[in-house]
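Now for the letters of each chain:
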Amino acid sequence: MLAHAYACRWVRLRLPLAAGDDLVGPDRRWVERHLARCEECRGRLESLRAALGALQTAAAEPPVAESPAAPIWPELQRQIRESRRPAPTRWAGLALPIAAALAVTAGVAWSARLDRRLHRGATARLAAPAPAAAPARPPATRGISPRHREAPGGDEPRPIALDTPTKRRRGASSSPADRRVVPPAIH
Amino acid sequence: MPERISPSRNVSRGAAVNEPDGRPLDAGDARLVELARGGDDDAFATLVGRYERKLQRVLVRLIGDHELARDLAQETFWQVYRRLDRFDTARRFGPWLFRVGINLALDALRHRGGGPAGLGHGGGSLEVVPGGLEVPDPDPRPRAELAQEVRFILDRIPPPYRTMLVLRDLEGFSTAEVAAIVGRREATVRWRLARAREMFREHWERREGISPGERSR
Numbered sequence: 001m002l003a004h005a006y007a008c009r010w011v012r013l014r015l016p017l018a019a020g021d022d023l024v025g026p027d028r029r030w031v032e033r034h035l036a037r038c039e040e041c042r043g044r045l046e047s048l049r050a051a052l053g054a055l056q057t058a059a060a061e062p063p064v065a066e067s068p069a070a071p072i073w074p075e076l077q078r079q080i081r082e083s084r085r086p087a088p089t090r091w092a093g094l095a096l097p098i099a100a101a102l103a104v105t106a107g108v109a110w111s112a113r114l115d116r117r118l119h120r121g122a123t124a125r126l127a128a129p130a131p132a133a134a135p136a137r138p139p140a141t142r143g144i145s146p147r148h149r150e151a152p153g154g155d156e157p158r159p160i161a162l163d164t165p166t167k168r169r170r171g172a173s174s175s176p177a178d179r180r181v182v183p184p185a186i187h
Numbered sequence: 001m002p003e004r005i006s007p008s009r010n011v012s013r014g015a016a017v018n019e020p021d022g023r024p025l026d027a028g029d030a031r032l033v034e035l036a037r038g039g040d041d042d043a044f045a046t047l048v049g050r051y052e053r054k055l056q057r058v059l060v061r062l063i064g065d066h067e068l069a070r071d072l073a074q075e076t077f078w079q080v081y082r083r084l085d086r087f088d089t090a091r092r093f094g095p096w097l098f099r100v101g102i103n104l105a106l107d108a109l110r111h112r113g114g115g116p117a118g119l120g121h122g123g124g125s126l127e128v129v130p131g132g133l134e135v136p137d138p139d140p141r142p143r144a145e146l147a148q149e150v151r152f153i154l155d156r157i158p159p160p161y162r163t164m165l166v167l168r169d170l171e172g173f174s175t176a177e178v179a180a181i182v183g184r185r186e187a188t189v190r191w192r193l194a195r196a197r198e199m200f201r202e203h204w205e206r207r208e209g210i211s212p213g214e215r216s217r
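Just so you know, the sequences run in chain order U and R.
Position 33 of the first sequence, counting from 1, maps to 33 under the numbering used here, and the rest follow consecutively.
Position 126 of the second sequence, counting from 1, maps to 126 under the numbering used here, and the rest follow consecutively.
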């Protein structure tokens, strides 16, 4: 009895395959032998075949029209062609604003650099006489950048309070007396 | 019993028949893949024409939504096109294509919550598209209703098992082909198929109001 119950369980695991004709080899022979003497398993096989029959009738119903109204290829081809386009075309709309932004940035940078050069130039002009004249002039001479003056006691430059460039440029066109230059420290 | 269809069935070797685009029908998939890799769009178009209907059928049966199935079919071909370089032409193209498509469908089902298609968008009924080339049924109503009933039950079977039923019992792939598509051993596919059919039977009998007592009689 127990052996029969075990055999039924073993066979029923394989019945769905037998119902669809997918059981092969020795398993198939065992199942056929069991079915010949087990009415209950034969009944189970019949119910499986009925369910599978419904499934296979549904298989005959085409879920998609034989000639699809809209084949996939035209859309797919468009997608493939778009993917082949060179990347810059995707940024074409942004090219002009980007170029304009770069031009403005370059202009600002150039302007700042020019300003710095003018600044340096003004400073240099203020200091221009110094290399030749400084040693000859007396230390008390006003209007000469003290940076270029030789320190009386050595080569070390001394801390000097400089005016702002604007003031200095203005000062360059006015009289030396208007220039505010801190006198050198006396040791 | 419906005729079993193999994906390569319509490739009749040696026949003097051409594809719609004039390319010889017997150009093997591997050759077409090689041509497509070299930038031959017509070769890829031939592959698309060869598989699009069957792929769409499988996808509709898996997810029960025509619109989504079409989108997924297009996405499948697109992904396959982008990965053509990685395809080993010593292997078969069909199973590879279907595997990509089924994975996309399973992802879509997972995204939708895996529930019955009838609860999602697009409806779950198996819509019968007119204009098929099949011989008209004398009374198509019962068959359509049966198909609807089957669709309803399929939607209630977990996707991995549903895939087995769709590929083997609805689309007629052999168990070896199903194994190649899902990337499992054939023995695994058989066990899963057996379980899937058993699930289908249980649902079917519950729907039909068949009690176990009636069944054994």
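A hint or two may mislead.
Coverage of chain R stretches by chain U, computed from C-beta distances (three or more under 8 angstroms per stretch; other residues unrestricted) [unchecked claim]:
(1) 64-78
(2) 149-155
(3) 163-173
(4) 198-205
Pulled from the structure, derived: some chain U residues nowhere near chain R, Cβ distances all over 12 angstroms [what the hints assert, rightly or not]:
(5) L13
(6) A19
(7) P63
(8) Q79
(9) A101
(10) T105
(11) A109
(12) R125
Source of the hints: derived by calculation from the structure; they are not laboratory data.
Just so it is clear, CB atoms sit at the ideal spot from N, CA and C, and this is done for glycine as well.
- Message: Tell me the numbers of any earlier hints that the structure contravenes, in ascending order.
- Response: 5, 6, 7, 8
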